[in-house]
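A.B. asks: Each chain, written out:
2 protein chains.
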Amino acid sequence: VQTIIAVTSNKFAPLAQWTRLFAASGADVRVADIDDMTINVKEVAYALCFRPQAGRLAQFPNLRLIISLGAGVDHLTSDPSLPAAVPIARMSTDQTRDQMADYVAWACLSLLRDVPRMRNAQAAHEWEQFSIGRTARDCRVGILGLGAMGMSAASCLQGIGFKVKGWVRRPRPGGEIDCLCREEGLRELAAQSDILVCMLPSSPALHGIIDQSILALMPRGAGIVNVARGEHVVVPDLLAALEAGQLGSAVLDVLPQEPLPASDPLWDHPNIIVTPHLASIVSMQTAADHAVMLISAMERDETPTYLFDRIKGY
Amino acid sequence: VQTIIAVTSNKFAPLAQWTRLFAASGADVRVADIDDMTINVKEVAYALCFRPQAGRLAQFPNLRLIISLGAGVDHLTSDPSLPAAVPIARMSTDQTRDQMADYVAWACLSLLRDVPRMRNAQAAHEWEQFSIGRTARDCRVGILGLGAMGMSAASCLQGIGFKVKGWVRRPRPGGEIDCLCREEGLRELAAQSDILVCMLPSSPALHGIIDQSILALMPRGAGIVNVARGEHVVVPDLLAALEAGQLGSAVLDVLPQEPLPASDPLWDHPNIIVTPHLASIVSMQTAADHAVMLISAMERDETPTYLFDRIKGY
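As they're listed, the protein sequences go chains A and B.
Numbering-wise, my numbering puts 131 at position 38 of the first sequence, and it's gapless, one number per residue.
Numbering-wise, my numbering puts 214 at position 121 of the second sequence, and it's gapless, one number per residue.
Any given hint could turn out to be false.
[Said to hold, decoys possible] Calculated cross-link-like contacts (lysine to any residue; reagent style SDA-like; alpha-carbon spacing at most 20 Å):
#, chain 1, residue 1, chain 2, residue 2
1, B, LYS405, B, ARG263
2, B, LYS104, A, GLU219
3, B, LYS104, A, LYS405
4, B, LYS104, A, TRP220
5, A, LYS104, B, ILE225
6, A, LYS256, B, GLY254
7, A, LYS104, B, GLU392
8, A, LYS405, A, ASP382
9, B, LYS256, A, GLY252
10, B, LYS104, B, ALA337
11, A, LYS405, A, GLY254
12, A, LYS135, A, ALA177
13, B, LYS256, B, GLY301
[Said to hold, decoys possible] A few chain A residues facing chain B, derived, Cβ under 8 Å:
#, residue
14, ILE181
15, GLN215
16, GLY254
17, LYS258
18, PRO369
19, ASP402
20, GLY406
Just so you know, the hints here were simulated from the structure itself, not pulled from any lab data.
Glycine residues also receive a C-beta, built at the ideal position from the N, C-alpha and C atoms.
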C-alpha cells in the first residue's frame, strides 16, 4: 500500500500536474486531492496544502507531516482542530527567498524614487519631471524580521547600496546585518529608517506592531513596505500618517482583508502601491521538490528542515 | 576682473542658488545667467548649461570649457554654431551614476515581475494574483553601452543576481562584464537577453538601433528599457512587437519627442511604463562641485576628466 500525499489543487495547480511532478521525482507516494472524500484517510501520511478546510487535517489519523505551500503557517494554525502532535514544515526554498528579495528590492527602489508619483503622472498623461537627489546609498532601510526571507532581502538591498539594519527577537552579534532588539530597539530603528520593511512572522503578538506610535518616530516622508501579513500594519494609522505627510508612500502586498474589496479606498490612494499578495509564490515544481526532500528526511527518521516552532510562533 | 561662469538657470535651478553654491565653494568665478544679455561676453570663460539657445555659446570669444548639465551632449552639439575648438565636459558624478543604477535596477525588476500588469490591476481594483516563476538569477540582461553609467548599472544588476552582458564599441578582455562587439555581437546579445537596456550615447549613427530586426531576435516576451535617447528605439517597431506578443513590456524614460504630448497613445499602453526623462538628474550642489573641479583643472592647465570626444561621438 502506497502512502498518500494529500495536496491542495485548483486551476492554477491542477491535480494531474502534481501527480506528474511527484511521479517524475521517483518518490514513493500516491497523490490525492486533499478534498477528495473517497480516499482512505488512514493512508494519508503527508499533506502539502494551503488553507485546507478547517477540520480536514484532523481526519487523517496517520498524518506524519504537514507541508505548508506558503512561508507562513497562519493558514493552518487558524484551524482550531489542527492536530497538535503533527509537525508543520514551512515552504522555504531558494526560489521563494530570491523572489521575495527581488520584490523587496523593487519595492524599496519604488519608494526611493517616488514611483507612485510617476505612476500618477503617467495615468494623467503629464510629463512631470522631478529629481530625488538621494540614491540608495543615502537611504536607510530597516527590516523587521530577519528570517530566511528577511536575510535574503537584506543582502540584496545591501548589494544595491541601501544601508540596512534589522529588528530581531534575539541579539545576533557578529552578523552581516546590524540588528536591534526589543521594543526600544524597534523605536530606535523606526527613528533611523527612511524605509521600514515588515517581514515578520504571522504571530498574533505582532499584530498591529506598525501603528501611529511607530510611524510618528520615522523621518518625515518615510516609506513602508509590508510583505508579511496585513495585520501587522494598522491601516487607519498608515492612512492618517500619509494624510499628514509624516509618511511619504507605501507598498502593500498584504492587506487585513484579502482579496482587498474592489470598493476599498486603498486601491486609489495616490501614495500607495497595492499588489495582490504575490511577493513570493512557490512554483509547483519547486514545491514538489521541497516536499520530496522533506518526505525523504521523514522516511529516514531524520528531522526535516524549516519546521514551524509552536512555541516561538514561526 | 573675475572670469564669468554662464549658467542655465530656471525655477528649478535659480540663479541665486547657483551664486550661493559657487561662492561657498571658494571658486574665483562670477556667476551669470547664460541668457543675461548685459554681461560682457568677453569675460565668459566657462558655461555650465543645458540646451542653451542656439548661437549663444558662439558669442563668448574667450570660452575655455563648456560643462554639460547632462550626461549626454546632444543638447549642445545640435547647435550648428557650437564653437568647434572649445572642449565639452560631460556631467559624470557618483550621484548621477548611482541614480542611473538605481533607476535601471528598478526598471529591470519591474519588467522581471510584470509590474505593468500589477499597475493595471490596481487601477482596475482587481486582486489578480499571479506568479512569475523566475527570479533575477534566471534573467539575462543585455546592456547596450558600458560607459560610466552603464558599468554602474551593470554592477548593481549583478549584485541583485541578474546575469549581465554588455555590448560595446571595442572588445574589453578580462573585464567584470562579458562583452560583445560589432553588429553580429548585437544580434547575438539580443537573442540571449530577457531584458535589453539601452544606455548608448546619443551619436546619430546609433539612432534607430533597436528596431524590428533586433526585437525579433529576442526571446518571446522579453523586455526593453530605454534610458539613453528616444531616437535609439524605433517606437512603431516596439509597438508592433508588443502587439504581437514578441515583446512583453517596456520601460521608457526617454522618448523621440519630449515632453511626450498628452495625446500620445504611449501614455495609456498597458505594457509600457513611461517616466519623464528623470532616470538621472544631477542636483545643483553636485553640478556646482563638479564644475568647480573641472574649472580648477583648467586653471592648473590640466586636462579635465570626462571630456566629450568629438571623433568617438561620446
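A.B. asks: Please go over all the hints and tell whether each is borne out by the structure.
C.D. replies: The hints, checked one at a time:
1. LYS405(B) - ARG263(B): holds, 11 Å
2. LYS104(B) - GLU219(A): holds, 18 Å
3. LYS104(B) - LYS405(A): violated, 56 Å
4. LYS104(B) - TRP220(A): It holds: about 16 Å lies between the C-alpha atoms, which stays within 20 Å.
5. LYS104(A) - ILE225(B): holds, 16 Å
6. LYS256(A) - GLY254(B): Between LYS256(A) and GLY254(B) the Cα gap is close to 18 Å, so the pair holds against 20 Å.
7. LYS104(A) - GLU392(B): Since the Cα atoms of LYS104(A) and GLU392(B) sit roughly 72 Å apart, the hinted pair is violated (cutoff 20 Å).
8. LYS405(A) - ASP382(A): violated, 27 Å
9. LYS256(B) - GLY252(A): Holds, because 15 Å separates the two Cα atoms, which is no more than 20 Å.
10. LYS104(B) - ALA337(B): violated, 44 Å
11. LYS405(A) - GLY254(A): violated, 32 Å
12. LYS135(A) - ALA177(A): This hinted pair holds, its Cα atoms lying about 17 Å apart.
13. LYS256(B) - GLY301(B): Judged against 20 Å, a Cα distance of about 26 Å means the pair is violated.
14. ILE181: violated, 22 Å
15. GLN215: The hint holds - GLN215(A) has a Cβ within 8 Å of chain B, the shortest such distance being about 5 Å.
16. GLY254: This interface hint holds because 7 Å falls under the 8 Å limit.
17. LYS258: violated, 19 Å
18. PRO369: holds, 4 Å
19. ASP402: violated, 27 Å
20. GLY406: violated, 26 Å
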